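Enquirer: Protein chains in written order, with my numbering: chain A, 36 to 293; chain B, 51 to 366; chain C, 3 to 254.
One or more hints might be untrue.
[To be verified] Per the computed footprint, the stretches of chain A lying under chain B, defined by three or more beta-carbons under 8 Å from a beta-carbon of chain B, are:
hint, segment
1, 77-91
2, 100-111
3, 224-234
4, 266-274
Everything labelled a hint here was simulated from the structure, so no lab data went into it. Bear in mind that the values here come from a model prediction, so they are computed numbers and not experimental data. All C-beta atoms in this analysis are idealised placements derived from N, C-alpha and C, irrespective of residue type, glycine included.
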Amino acid sequence: MGVVNFAHGELVMVGAYTVWFLHAQHNTPFLITVVLAIILVMMIGLLMERFLFRPNRDDPLGGLICSIGVLFILQVIATLVGGEGPSKQVPPPFAGTLILFDTLRIPYQRLFGIIVSIAALLVLWFFLTKTKLGWSLRAVAQDREAAALQGININRTSMIAIGVGAALAGLAGALMAPITNINPHMGHNVIITAFIVTIVGGVGSLSGAVMAAILYALFHTFVTAYFSGTIATISGLLIMVLVLIVKPTGIMGKAVSE
Amino acid sequence: MKNMLAKIIGIAALLAAVAVLPHFLKFYQQDFLIFLIINILVVVSYRLVTLTGEWSLIHAVMMGVGAYTSAMISKFYDISFWVSMPLAGVGAGLIAALLCFPLFRMTQFYFLIGSFAAGEAIRLCWIHFIRPFGGTGGISAIPSPELGSIDFLDPIPYHYLVMVVVTICLFILYRVEKSRIGLTLHAVHWKAPLAESVGVNTWRYRSLAFIIGSFFVGIAGALKVHYLGIVSPNQFGIGFMVFILIWVIVGGYKTFYGAILGAIVLSILDESLRELEELRPALYGAILIAAILYLPNGLESIPSKMREKFATPKEA
Amino acid sequence: MALLEVNNVTKRFGGLTALDQVSFSVNENEIHGLIGPNGAGKSTMFKNIAGFYSPTTGDILFSGQSITGKSPNRVASLGVVRTFQETTLFQELSVFQNVLVGCHLNARANVFSALLGLANSKNQSAERKTHKVLEFMGLSNRADQLGAELPLGSQRALAIAIALASEPRLLLMDEPFAGMNPEETQHMMDMTRKVRESGVTIVLVEHDMKAVMGLCENITVLNFGTLLAQGTPEEIRHNTKVIEAYLGGGSH
């Protein structure tokens, strides 16, 4: 949609905090909190689109600055809700570990996360490639004016795009909650990873992003194991700059017409 | 000519006022004033970078490059501040020059992301390479400037130091903008293809603005850390970069003084919100959003808006 | 030797062939017309010559030197400058400043004198040149007006002035007569002749047939990206293929 939402990491964070608050603090059943997280974050995304991105349609810089404003606000809200102090933990609702072939250990919680993520991606892929709504989204992303001339409602499409993106962010946060440390600044790493993956994979290409995400995750984990997490992120950023120089459209992106 | 004289008198009066001000302020306010003056240099140097229409996210890190350069060579190699400060600018300028090659192949959106990535990579290097950068703790016990018997740990002498350096830098930046180089920079911003058609190498001019802007913010970095006594990676992260953006955008980037206005107004606003420590970022975020939505041309547009409102309708 | 030689230039955008094996040449101090119905590829050809596009295949020689694929500012430094369709100016700058930017090539601005605020002989020669060009184009009395404030005829004159400030040998004019009434057209024609008389070779893309026929010694006609005809205005006027192309295609 031509919008860069710097607050995307914070949307993930809100998803995680929702699960922490409702499940760990108030004992709401886990799956229900996941659904609530999705809904809450989606609503935040829709609000952002309607009141911040839409007035700034012609000025992406303005939209970006507004998203930074939201970033701050969400971080402060998280601090108020959870208080400062050490990161929160959510005890995993799916306890136990799956042991394969005597050596491969996968905690059930992570398995759950993997399965749900794959399912969500498949649904997204189906939506973008097989449904009329999905096609209109891609049309607007390619050429807004042409799409408008075809009768596609830009405002509605943008709402859907942000809504879907936010919903997925909320889902990601909810899935991450039992596996990671929850704090108001956890969005920082998310947004860096998201940028790296999107640019390397190719802006506008879902399969590219998925491939890049998997590759990057493997890359990051291995480099972290041998060197350190920081070196891994630095390398990731350098690779991203390299891609931006050599092929700005990413591995799977379409070449930009002159 | 009259206009010119009025301007010069006005600026001289302003400078005199600022020079005298610290004597009436409490200690922590004197501190605030010093950092405010330094931030004015930061923001005006950023404006030069953005004159060509490219918004970078690496400016805060460039300030850090200058800061670390000056801190390290003055502390580890016993070099005087008066040498290390300009070298800080040179250091930042050199890194900027190197980065021009990868960064200015990209434009607009990609440049934004690319500059962010490059900056973050540099910052992470400060965190990771504990030798020589000191990691997250950074470097402390940075020596103060020395000049005869003046004690630069005291705010008032340092205030004058900062005023002199920043005024000189601002003067130079102003001259650059008004020169033909500045004119060409504007041309590259408004209609790059037209500029190219008469032989302007837009890449070169974008790079020039970036390097000069980085040079001056490097000096600002040196000024900052030789007062604080300590340099650390978190001083130059995305948090500070966002402040710079806010100051420039809220203040307005169409005129030279817009950004200065933004920095002053918002810094004072921020200071007065000190009590609400926890809520500060959120309030800043709210102000940011309000500024973008309701004052898209920045604070600098207020004088002309006022003029419009109060103009007597002559045309029937 | 012709000043400009376009040899078998083909330009493809993905599956679309905008120019197909087009060749023509322009002699020094000529006013050469490049015409054709809408979509014939005239502007595309200009962009290829001036360096904004690179030909997919083919070669472009200027004064015997290949300029194929060189960047726009490089091409400009060699003496080939284009004006743009739809009045491209620096709207926010004054007329004087607009032309001053054009002086870039011949009086390079110096970073250090800018940094230190020194007066500079290059600056002075640039300003003198700007005054000369403004006078030549009849814009001296508008020197302080903003680009955006000018009437149409003056805007077009300013666009040419900016180009002239860079002392081109070859000027590519892209539809300068668009939207003009007969009086403005006549004035612009006089201006164009004046520019040619000062020693500049001109290639003119234009739809206004009166201007084309009245100004050009030689005309190249394109249609659908290919060369349709070449010749003097008399020959072109009576060329049946050209007449068909225009009537069939329904141009202005």
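Enquirer: Determine for every hint whether it applies to the structure shown.
Expert: Hints, one by one, checked against the model:
{"no.": "1", "hint": "77-91", "verdict": "holds (count 3)"}
{"no.": "2", "hint": "100-111", "verdict": "holds (count 10)"}
{"no.": "3", "hint": "224-234", "verdict": "holds (count 4)"}
{"no.": "4", "hint": "266-274", "verdict": "holds (count 5)"}
Going through the hint list in order, the structure satisfies each hint without exception.
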